[in-house]
Structure formats: C-alpha cells, structure tokens
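2 protein chains.
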Amino acid sequence: MSSHSLDPIFNPRAVAVVGVSSNPNPTGMGSFYNSLLEAGFAETGGLYPVNPKVDEINGARCYPSLMDTPDPVDHVISQVPARFVPELVDQCVRKKVRSIHFFTAGFSETGDARMADIERQMITKLRDAGIRAIGPNCMGLYVPGSRLAFMAGFPMDAGNVFLLSQSGANAGEVVRELTTRGVRFSKVVSYGNGADLRAHDFLDYAAADEESTVVTAYIEGVQEGRKFFEALQRCARVKPVIVLKGGRTASGSQAAHSHTGSLAGSIEIFDAVCRQTGALRAETMEELQDLTVALSTNVHRARGRGVALFAGGGGGFAVLSADAIDRAGLTVPQMPQSAVDEMRAYIPVAGSSVNNPIDAFPPPEHMDDMLRLVATATGMDMVFMSPMVARSRWQNPNNTVKDEQGPVTVEPETESIATIAARQMRQLEDDTETPVIGVMRGGGMARMMGIESDDFFQAAYREGIGAFPSVARAAHTIAQLIEWREYRQGLPEIP
Amino acid sequence: MSSHSLDPIFNPRAVAVVGVSSNPNPTGMGSFYNSLLEAGFAETGGLYPVNPKVDEINGARCYPSLMDTPDPVDHVISQVPARFVPELVDQCVRKKVRSIHFFTAGFSETGDARMADIERQMITKLRDAGIRAIGPNCMGLYVPGSRLAFMAGFPMDAGNVFLLSQSGANAGEVVRELTTRGVRFSKVVSYGNGADLRAHDFLDYAAADEESTVVTAYIEGVQEGRKFFEALQRCARVKPVIVLKGGRTASGSQAAHSHTGSLAGSIEIFDAVCRQTGALRAETMEELQDLTVALSTNVHRARGRGVALFAGGGGGFAVLSADAIDRAGLTVPQMPQSAVDEMRAYIPVAGSSVNNPIDAFPPPEHMDDMLRLVATATGMDMVFMSPMVARSRWQNPNNTVKDEQGPVTVEPETESIATIAARQMRQLEDDTETPVIGVMRGGGMARMMGIESDDFFQAAYREGIGAFPSVARAAHTIAQLIEWREYRQGLPEIP
Numbered sequence: 000m001s002s003h004s005l006d007p008i009f010n011p012r013a014v015a016v017v018g019v020s021s022n023p024n025p026t027g028m029g030s031f032y033n034s035l036l037e038a039g040f041a042e043t044g045g046l047y048p049v050n051p052k053v054d055e056i057n058g059a060r061c062y063p064s065l066m067d068t069p070d071p072v073d074h075v076i077s078q079v080p081a082r083f084v085p086e087l088v089d090q091c092v093r094k095k096v097r098s099i100h101f102f103t104a105g106f107s108e109t110g111d112a113r114m115a116d117i118e119r120q121m122i123t124k125l126r127d128a129g130i131r132a133i134g135p136n137c138m139g140l141y142v143p144g145s146r147l148a149f150m151a152g153f154p155m156d157a158g159n160v161f162l163l164s165q166s167g168a169n170a171g172e173v174v175r176e177l178t179t180r181g182v183r184f185s186k187v188v189s190y191g192n193g194a195d196l197r198a199h200d201f202l203d204y205a206a207a208d209e210e211s212t213v214v215t216a217y218i219e220g221v222q223e224g225r226k227f228f229e230a231l232q233r234c235a236r237v238k239p240v241i242v243l244k245g246g247r248t249a250s251g252s253q254a255a256h257s258h259t260g261s262l263a264g265s266i267e268i269f270d271a272v273c274r275q276t277g278a279l280r281a282e283t284m285e286e287l288q289d290l291t292v293a294l295s296t297n298v299h300r301a302r303g304r305g306v307a308l309f310a311g312g313g314g315g316f317a318v319l320s321a322d323a324i325d326r327a328g329l330t331v332p333q334m335p336q337s338a339v340d341e342m343r344a345y346i347p348v349a350g351s352s353v354n355n356p357i358d359a360f361p362p363p364e365h366m367d368d369m370l371r372l373v374a375t376a377t378g379m380d381m382v383f384m385s386p387m388v389a390r391s392r393w394q395n396p397n398n399t400v401k402d403e404q405g406p407v408t409v410e411p412e413t414e415s416i417a418t419i420a421a422r423q424m425r426q427l428e429d430d431t432e433t434p435v436i437g438v439m440r441g442g443g444m445a446r447m448m449g450i451e452s453d454d455f456f457q458a459a460y461r462e463g464i465g466a467f468p469s470v471a472r473a474a475h476t477i478a479q480l481i482e483w484r485e486y487r488q489g490l491p492e493i494p
Numbered sequence: 000m001s002s003h004s005l006d007p008i009f010n011p012r013a014v015a016v017v018g019v020s021s022n023p024n025p026t027g028m029g030s031f032y033n034s035l036l037e038a039g040f041a042e043t044g045g046l047y048p049v050n051p052k053v054d055e056i057n058g059a060r061c062y063p064s065l066m067d068t069p070d071p072v073d074h075v076i077s078q079v080p081a082r083f084v085p086e087l088v089d090q091c092v093r094k095k096v097r098s099i100h101f102f103t104a105g106f107s108e109t110g111d112a113r114m115a116d117i118e119r120q121m122i123t124k125l126r127d128a129g130i131r132a133i134g135p136n137c138m139g140l141y142v143p144g145s146r147l148a149f150m151a152g153f154p155m156d157a158g159n160v161f162l163l164s165q166s167g168a169n170a171g172e173v174v175r176e177l178t179t180r181g182v183r184f185s186k187v188v189s190y191g192n193g194a195d196l197r198a199h200d201f202l203d204y205a206a207a208d209e210e211s212t213v214v215t216a217y218i219e220g221v222q223e224g225r226k227f228f229e230a231l232q233r234c235a236r237v238k239p240v241i242v243l244k245g246g247r248t249a250s251g252s253q254a255a256h257s258h259t260g261s262l263a264g265s266i267e268i269f270d271a272v273c274r275q276t277g278a279l280r281a282e283t284m285e286e287l288q289d290l291t292v293a294l295s296t297n298v299h300r301a302r303g304r305g306v307a308l309f310a311g312g313g314g315g316f317a318v319l320s321a322d323a324i325d326r327a328g329l330t331v332p333q334m335p336q337s338a339v340d341e342m343r344a345y346i347p348v349a350g351s352s353v354n355n356p357i358d359a360f361p362p363p364e365h366m367d368d369m370l371r372l373v374a375t376a377t378g379m380d381m382v383f384m385s386p387m388v389a390r391s392r393w394q395n396p397n398n399t400v401k402d403e404q405g406p407v408t409v410e411p412e413t414e415s416i417a418t419i420a421a422r423q424m425r426q427l428e429d430d431t432e433t434p435v436i437g438v439m440r441g442g443g444m445a446r447m448m449g450i451e452s453d454d455f456f457q458a459a460y461r462e463g464i465g466a467f468p469s470v471a472r473a474a475h476t477i478a479q480l481i482e483w484r485e486y487r488q489g490l491p492e493i494p
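One line per chain: the protein sequences are A and B, in this order.
Be aware that the first sequence starts at 0, since it is given in numbering that gives the first Met the number 0, and climbs by one per residue.
Be aware that the second sequence starts at 0, since it is given in numbering that gives the first Met the number 0, and climbs by one per residue.
So here's chain A without its partners, still in its complex pose (with noise of 0.2 Å):
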C-alpha cells in the first residue's frame, strides 16, 4: 500500500451527510446517504445523515446538527444551500473532521464576485485546521475498497482505473459506460471548482497508489499550470494516463466556464503538455472510454498497422470496415497467397473471402487451423474478430448454398456464446502470441445471433481481451495507441 498525505480522504472511517434530503428515496444526483447505505458503508464505518428538520431517515437517527454526531467524524458531504456553508464549516473546525467533500453548489463558478470570496475564505479556514475540501460542485468520491459511492449501482468489487473529473455527472456516466465494459475502478474523484485540492493533487495521489494501473481524467480548467504540469509528468512517466479535456472549442470553452467557472486556456498549449509529459490526450467522451479499456486489456500489445479482419459475414460490413480501418490509419494488408491457398482447400468460393478481410466460415473441423494461419499471416500484427465467428464452432451460418449437407448444429451448453467467443480470442492469442482485439458489429446482427454487447465486453474484459462497439472505434483507438508510443519515446517504457 502506498502511505500518502490524501489516503485518509479515500478511506474514512465515519461520514456525516449534513443535510441530507428528506426525501427517503431520492432520484438523481444529491442521493448521498442512500448511495453510502447501498454501498454498504454503514457496516463497517460511522454514517450519520444531518437535517435539522427530519428525525429519521429510512429507519436510522438523524441528526439536528454535525455537532451532535457521535465522535469521531472524519469526513462530511455538505449537501445543504450555499448560504449554510459558513456555518457548517466552522463546525467543521470544531469537530476535527479531516475532509469535507461540498456537493453544495453557488459559489465561485456563477461568476459571482462575493460568491468567489466567500469560496475563497471557507477554503483558508479549513486549511489553517488542516482539513482538505473537495469541491464545491460536484460528486466528490466513489472509492469501492472503502464502501463509498456517490450514485446508485456503482459496482463495489475494486479494480485498476483511477478516475479524476470536475464534472459529477461526467464522472458518473464514465463510470456507468466503463463498466458495462467491464472496467472496474481503484478510486474516482470529482472535484468540481477545486477550491483546495486539484488535478495536480489528484495526479500525485494516483501516482502513488498502487491499486491503480491506469489513469484517466476529465478536465475543464488547469488552475495551476506548472503544478498541473509537473504532477502529470511524474504520474504519466509511471503508468498511462488519459486525459480529456472539456472546453476544447469556442462554444465549449464558454460552456466550461458556467459551470466550473473555469478560463479559457490555449488548447495548442494543453495539447504540447500531454505530448511533452507523455499523457495520451483524448478528445471526446468515446475516445476517453476507449483507450481506457484499451490500456487495461490486450490492445496496448498491439504494435504493427496490419490489421487481419474477420468480419463475421457479410461482405458490405467487411468492405466498409476496410475503409474505417484505413481511414483511422491502420492497414489490411493482402492475405499471402500461401495463406490463401490453404484456406481453399477447405473453404468453397462462392459467398466468401479468404483474403483479408476474411469473410468466410469454415467447417467446424477446420476453425481453429483457419484462425491460426490467420494471425501467424506475415503481415499481420493483430486479429480483429467478431463474436459471431466464433459462434460459428456451434453453429455453421453459412451463406453459400448447400446442397450436399445441412448445416452443422452443435449448440453450446451452458455458457454464453459470447463467453465462449472471449475464451476462444484468449486462446488464440495464447497461441499465436499475436494482440486479439474484439469487435461487435451494428445492426443489430450479434444480437440476431443470440449475442448481447454488454455480455460480450464484459466476458473480454475478463479475458484480457479489449472489446469495441464497432470496428471503426477500435482502429481509432489503436492508431492513438500507436501514435502516443510514438512520441513517448525517451520516457520510461510502461506497459
């Protein structure tokens, strides 16, 4: 375990929610209690919900005021209105708390002046009292090891992404979508205006832990340019980190502005930060979650540009997916003639490809001799494939007309289609020591075949294996890889 000044924040011992709302089941954001009790923080730390004008909340005490909770505090989530928060912090003082997270929003972000002042003042004093702030405006911590969360649904098994954003719900919506991919975090922190600690905090904080191998981060403002760029030389020189920062554009930068009252900052110059500190910069939400599951799986391994597709039928999606992939940077190159030759010898040519892209389906017998020649293909630095090539050990869909034989049916027992097609990627990239990169195809085609997305990133994910939502998405993702190892040469190699 590392032993950092900020881990007392990420693993508190008793929390008060001070004022927590009076609805007993609150929808959206602000559901702090409940979210905690979901979590299951209860059993193993203090929690005390705080509103003066309620005296039980879903069956538990609560409390008129943080000076009335049982000792020790050590962290508060203040969700009462702006105009309290003086108060509260002064109570604060006075209990000995160590941090204290604002949800609260009004301050320095609404651009106004005597707002910002008192944002300003609340922040000294809890400093001179030694105890850290997060926020205002914002979710503040999801930290599975230490039962905390600040939505609902947020899964409790712990895994490697450290999460840091100023925004809550962008925060939340990476969460939700990075584990329907089956990404599981370390720690996330949104911190909003950081008032009192920041990125560069952050940054530190994640460079040293040891539970996280990957970080990621949403930005809307750097507050403190050379802190900011010295923190994230030192973390991205030990593990990768990705960062997306919002307000890249006019119309956007105006927007970050509103709501973290963040200043416009020359992109160009955070742009040469990521290069020269070897940060890999993402430019939307997509490319953010994409290069997540990219660095926390197999696909980083990717080295070359060849690109060997199997399609999982259709020639249309083989040939549009040729021009994503060349489009993105990447090539398909030409299927040795070798190569073709042998795969002819087992599979017909009406209704199939055998160069590459593959489009073709085999007899079960010959699957796995098809897939290993395949990615051993001179050429070939990694094997895109559909779960629905897989599918096709079980079941032969194949388009060309048989005469001779009906089509070969061996349904799979009790597994999923989809685990078994992430095992099978596994295997031959074992095999073959050659990157498997999954792939799912639109239209509604896997799930005709009885394969569900979700099923299928998440059972990669436990194979190592990266998974995208469309070819298009994953080339993309690569070429960043590839370009971002490119400029990170001289750095320290990471894996």
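Heads up, some of the hints might be wrong.
Stated by the list, open to error - Okay, the calculated bits of chain B under chain A, using three or more residues with CB under 8 Å as the criterion:
#1 105 to 111
#2 156 to 167
#3 321 to 329
Simulated from the structure, these hints should not be mistaken for laboratory data.
Note that the Cβ used here is the ideal one computed from N, Cα and C, for glycine as well.
Start from chain A and add chain B according to the hints.
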C-alpha cells in the same frame, strides 16, 4: 402511381423459390421462403417452394422443379448452387417469368474468368427473352406494399425511403437500424454484382416512384459511369439522394473487389459526381442512416448554424456537447442578456446555467416559458433537446439544494415519457417555427430516468422530429445538410 417498366419486378403476383432450404427453420440469410411466408406474400400471391429432394415444407407442397409449379410465375428467387443456374435460366425462359433474383453467388465476383463468362451468357439469354435479373450474389427485394421481404422481422408497413444496396447484409443492417429509428421503407433492393439491373436502373425507378421521397444508396462499384451519372442527376433533381460508396480507401477497395467484383474507381471522381449531381455523400453507415433520418423529418428545415442546446442535466455533458457542436461546424451562440435576465427570474443561480448550453430545470410552471424564450432568442436557428428535459415537466430532478420545498412530482399517465417528450418537441416547433432536434445522451442517463432510446427515436419520428443517438451525430448531420444545400444552389429546390 408511377408507370415504369420495372413496376412488375417490385410487385410480382407469383414467386417461386428454387433451391429452397430443406431446413424448415433456416437461420441467417437465405431463408427467403420463410421470410415471404412471414411477410404474408402467400395470402395474396402464389408462393411456390422448389427443391427436388423435398416433398413438403412447413406443410406446403414443394415442387421438384420450376417447370412443375402452377402458372403463371412472374418472379423467381434462385437459391440453387451456381452450377445449376444455367439449367434454371433455361427453365425461366420456358416458364416465361418476368424477373429472376439470383441469391446464388460464385460468378464474376470470384474473379474466375470462366464464372464471369457464364454470368454474361446467362444474362444475355435472359435479356433476349425479356427477363430482368437482380444479382447474382445478393438478397433481392424488400417491398412492404407487395408483401416481399428477404429477412425475418422486417416491418410490413410501407414508408417513404427507397434503398438500393449492392450488399445484402448492408441492406439488412440499414433496414434493421433505421426501423429502430422509426423510418419505414417504400422499396429496398439488394442487387449484388449487378449483372443486369444495376444502380442507374434503380435510380431511375426511384426518381419516378411517387411512394419514395428519399433515396438512399450503398454502392461498391459503378459499372457504367455515364449512365450512373445521368440517372443520379435525374433522381437528385427531384428528391434527396444519399450515396455511400463502399471501398473509398485502398483497403476497402480491395475488399469490394473480393465482394462484388467491383473495380476501384477514383474516389475523387465519385465525390465530384455527387457534388455535380446534387447528391448527398455519406462516408460511413452511420452517416447514411443519420442523413436518411434527417431528410425524412424536420431536420432538413434547419437553416442557420446556431444551436440552442438543452443538455438535460450535467454541466460537464453540456461542455462536451458544446465542443461536439463546434467541432461539427455549428455554433452554440451566447444567450442574449435579456433572455438570461428573464430566465433568472425563476431559475436559481446555484447549479444551473441559463446561458447556452442551458443546464437548468425551472419550476414546472415556468418550463414552457423557458422553452419558448430560448427557441425564439436571437441567433438560435434550431433547438437541440434531450427527452430528459421534457421529463422535468413531471418530475423535477433539480440538482440544486432546496430547503423550502421538496421535488415536485407529477407522474405521467399512460404514455411513456419518450412519447410525451416527442410531442412536446413537436409543439415547441409548431409554436416557435424553430426546428427542434431530439438528442439522446450516453452513459445510461436517459435509461436511468426511464427513457429508452428506441422508444424515443420512434416517438420522435412519428411526430416528424429528427432524433439522434448523440449531440455529435446530430450536429454533424446538420452541418452536412447545410453544406449540401450550399452546393445544390442552382439546382431545383427540393423540400
């Protein structure tokens, strides 16, 4: 009704499926007989399965050969292997059918000169007898009005979109995906190698077909450049035509050659042809689908580039959405100060933005005021709206802290939130004459709020509201339409 020489092909009275599968429940492609049964063709027309090895199929008599089927048969679907095709062609001539669709593959697309010769000979023989051919190597016809379908599960209500596609799998994908978006089709034809009927024939038909108001094409290779150019020009003068060329890149062009035997043409020439004829070029399947939705709904009425964005909660989402709009070539104009002041009378400052993007949930009684104010504010050429905004009419998930009042909750009655949201968008557009565009947001946020994407897409389409899976895709589509309208200047105005 138009009167066109191809009319009988799209409206056959009796169909024989020759080489029908002996499997009573075939999966995947090639289940033409079952798809026609499901589509109800047998209820109005003659439907005759042909296979010498089968006496009966799903309780119906199966004929040993085409010659044994009752007269007349005007359309034949060939599922026999390529080597039996010459004999089937002779039978078609004797049987005096009007058209034959060759699902059968294994001809010119294989690159085998002998098979290409056979393909030419059979087409010559058919033409001499006045029989038109679709294919080989394709899925043929889906015409809801004539109860024709080439795959199971296609909707049997007719719509306005004519789709021509060399690829059968891509045709199926477009139909399935656009069906979930609410779109319906007039006629769909997958024509594969295009040995006889090809793009220009279908474009001429689509131009004349009154049922079709939007034409969408997936093409891998143009076989007769001049005829294609002229037919595209004729069609694009009278209705919007969207063209996706598969094989735009080196990798894709190689794949297209393997797929439909298409030869690489210069993509620059193809793009210039689109521009000169006034057709709309799509580069990906997503673009093709989004443009089809846009041209079948209110989206094409958007004239300027200024977007008023109701983000539906979450400042970080608003920031990234503004970035996406800007990147696409549209803008997110500042809200005029007078409108800001008016909204601030009923929207609290904390946790909200009434600038643009608008991230604010006013009290329900002010919702309509706010929507109208924004839609008519200076610079707002269109409104982007998440269905979650409509939801706030019933349930106010205000993120800000409220100590005086609980959340206002008024449950909708029997209709889904998505349906009500779509109607509200329609009303806003009718009241303000500003196009309202529906946008979903990722991250499972909408689903968490009880809104399913497909439900919303279909409800929006019924109201004539274009809806998109993301802000980025909506903005990109509209920017493409604006560019298209610019280069169409001088050509006849189409709706």
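Hints, one by one, checked against the model:
Counting residues of the stretch 105 to 111 of chain B whose C-beta lies closer than 8 Å to any C-beta of chain A gives 3; at least three are required, and the coverage claim holds. By the rule of at least three residues with a Cβ nearer than 8 Å to a Cβ of chain A, the coverage given for the stretch 156 to 167 of chain B holds, with 4 such residues. Only residues whose beta carbon comes within less than 8 Å of a beta carbon in chain A count, and the stretch 321 to 329 of chain B has 6; three or more means the coverage holds.
Every hint from the earlier list agrees with this structure, and none is contradicted.
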